[in-house]
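Asks: All chains, full assembly: derive it from the sequences and hints.
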Amino acid sequence: MNVNEMLKAYVDGELTPQERSSVEDAAAKDPEIKSQIEWLQATSFTLRAATPQFEIKGKAETLAALKKPAPRRAAQWWMGGLTIAGTAAIAVVAVVKLQGNGTVSNSLVAMKDSIASAASPVAPATSGIASEGAKSGARPVAGLDRFDAKPIELRSSPNPVTATTQSKVASRPERATGDANQDRSSKQRQLVAPVLDETEVITVEVDDVELSENNIAEAMKKAGFSVQKPGANADTVVLVVPSDRIAEAKALLASSSRMKPLSADADLQNPPRGLGGAGGFAGGRGSNAGGKAAFGGPGGAGASTGGTKSSPALPPLGSAGFGGGKGSPTGLGSEGRAGRAAESSNQSRDTKAKTSGGVTESLGFDAPKAEKEPTRATKEIAPASTPVKSKLSSAAPKGSAPSDAKVTVKQKPSTVLDRSQVKNEKASTRDEPIPVKRKLLIIKLKAKPKASPVQSKGDQSL
Amino acid sequence: MFWNKPTLDMEEIASLHYETVYRFCVQRVGEDVGADAAQETFLTAQKVAHKFRGDSAIRTWLLGVANNECRRLARIRNVQPLMLDPEYDVASNIAVESEVVNREALRHALAKLSDEHREVVLMHEIDDLTYTEIAQVLGIPEGTVKSRLHHAFLSLKRNLDPNVQVTV
Chain A
1179 MNVNEMLKAY VDGELTPQER SSVEDAAAKD PEIKSQIEWL QATSFTLRAA
1229 TPQFEIKGKA ETLAALKKPA PRRAAQWWMG GLTIAGTAAI AVVAVVKLQG
1279 NGTVSNSLVA MKDSIASAAS PVAPATSGIA SEGAKSGARP VAGLDRFDAK
1329 PIELRSSPNP VTATTQSKVA SRPERATGDA NQDRSSKQRQ LVAPVLDETE
1379 VITVEVDDVE LSENNIAEAM KKAGFSVQKP GANADTVVLV VPSDRIAEAK
1429 ALLASSSRMK PLSADADLQN PPRGLGGAGG FAGGRGSNAG GKAAFGGPGG
1479 AGASTGGTKS SPALPPLGSA GFGGGKGSPT GLGSEGRAGR AAESSNQSRD
1529 TKAKTSGGVT ESLGFDAPKA EKEPTRATKE IAPASTPVKS KLSSAAPKGS
1579 APSDAKVTVK QKPSTVLDRS QVKNEKASTR DEPIPVKRKL LIIKLKAKPK
1629 ASPVQSKGDQ SL
Chain B
58 MFWNKPTLDM EEIASLHYET VYRFCVQRVG EDVGADAAQE TFLTAQKVAH
108 KFRGDSAIRT WLLGVANNEC RRLARIRNVQ PLMLDPEYDV ASNIAVESEV
158 VNREALRHAL AKLSDEHREV VLMHEIDDLT YTEIAQVLGI PEGTVKSRLH
208 HAFLSLKRNL DPNVQVTV
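Heads up: the protein sequence lines correspond to chains A and B, in order. The first sequence maps to residues 1179 to 1640 in this note's numbering. The second sequence maps to residues 58 to 225 in this note's numbering.
Any given hint could be a false lead.
[Unchecked claim] The following label-pair restraints were derived from C-beta to C-beta distances:
(1) A:I1262 / B:K169: 52 to 58 Å
(2) A:K1235 / B:A168: 40 to 46 Å
(3) B:H165 / A:F1232: 20 to 26 Å
(4) B:G196 / A:I1262: 31 to 37 Å
(5) A:T1261 / B:R164: 55 to 61 Å
(6) A:G1191 / B:K108: 28 to 34 Å
[Said to hold, decoys possible] Under 7 Å between C-beta atoms, here's a sample of chain A residues computed to sit facing chain B:
(7) S1200
(8) S1222
(9) R1226
(10) T1229
(11) L1244
[Said to hold, decoys possible] With a Cα cut of at most 25 Å, we get these calculated SDA-like pairs of lysine to any residue:
(12) A:K1212 / A:E1202
(13) A:K1235 / B:E88
(14) A:K1237 / B:T101
(15) A:K1237 / B:G121
(16) A:K1245 / B:H207
(17) A:K1235 / B:H207
(18) A:K1235 / B:E76
(19) A:K1212 / B:H207
Derived by calculation from the structure, the hints in this document are not laboratory data. Even for Gly, the Cβ is constructed at its ideal location relative to N, Cα and C.
Replies: In structure tokens:
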């Protein structure tokens, strides 16, 4: 840097001692440099003297503005990013888990169904199907809206005669349904998230699978059930049935399929005491008869509905009311029970409930355990019913009544409630939100095998 | 020094340095926008206080923020810088007439300077910043400041009317 370039710095005092001395030497020798220094000093002085002086404004406002909390823009972006990252991580984990298991986990499906059920109370819930598939190692049912998979394999048992009970009860505690006069739709509206409480697989033997499948589907649809057919050749009909209409659904199934019930899971797990499979067979015959009686005419469905509506209010008596015998511990005959059941619901449905009650008992589902004489309905209908052969002989204890024998049932003492208890129970549960329990019925249709010596022998063992 | 702490009490800083920042802003964007520029300077400083590392004085750092705010406001608003005081300082011993002439000539000469040159001139002569401080405010080397000042004054001298004598 030459001396001329250091003149301004010299005037401003920004030079080192060496630079300063060099400039002073040059100024002493050259008058032009000296005059230049004088001009720079004069200009700088003028500029400093011309520094504007003005009133300070806005200090109070600025201090007030600084007291307000500053917007945290820096925090907003990373918090948003963290939220997105967390959501993505959860989604990735869920996908990996699903792919790793090869099927849908039960919890996710249950959650999915809960959401779907909350949106549409009558929407078919398929969690049971998926669970069944996962349990048996088979793939979920195809054709269902929410699953893109193949039909469920129901032949989980190596023995085609003995069906495997595949019942899944949700962890949700069971609640009494309380007031039978309360509208079902209003009950459903009280629910936050209805869940599918139980899955039941019913295998029936029919002459014509396709025809029976169509008949069952049509009949169920007419009765207002949610029906899904997994596929054209699936031989399976999936129903989503409210728990209080299980009996109705089974009766309708019996009538529409002209079937022979091979298995009913609940009864396979817990056969009626003292009856075992024999009671079921006798009931099976009755079921056909009851089904005919109940659904042969236009009023059939209504009769069944009336009977089942009394069931939630009086769980043990309701079952007895459907097919209760004269010899029950409560001392109520079939007519009396049905009548009392109707007291809580509707008197006009009483006599029809008796008929459908026979159906319920005859199918062997929820059959009362007390020894009873056959109901009037069973007595009357049994001779007209289609002969039914049962393959549940292995489940029947020795000494049980043959399939054609009159039904004698033993009622569970633990479940018997007198009227005062029932009233108290109803009163205690009346104000609570009543969950609508739904049951998934998977109806597996199986072509009836041709009569063989082995089959005849097995039947004779009954 | 309290401003070397990680967290700065911007209210206290503003109460100490508001006048300096306000003058700095008014000279660059005028009185109308100067208050807004000064307030924006402190609000911005409050937001970015975590970036202050304590390498420079808080005054220098604030003037750097203010310089950026004035540039931003000058782009979006029609501003009239107030570089020199047009009124004569009676307290001075300089003749009124010559002083007015000199100031007016200087004002015109300053206006003709480039932004870079005018910027360093104002910072050094009006804001009384050292070369080092100017370098920190502008984020440029100190040698660059020295060079810019030298050439700025050469340009200023050329821009002045040769008939105007700068009286000392």
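Asks: Going through the numbered hints above, which ones does this structure break? Give me the numbers in ascending order.
Replies: Failing hints, ascending: 2, 7, 16, 17.
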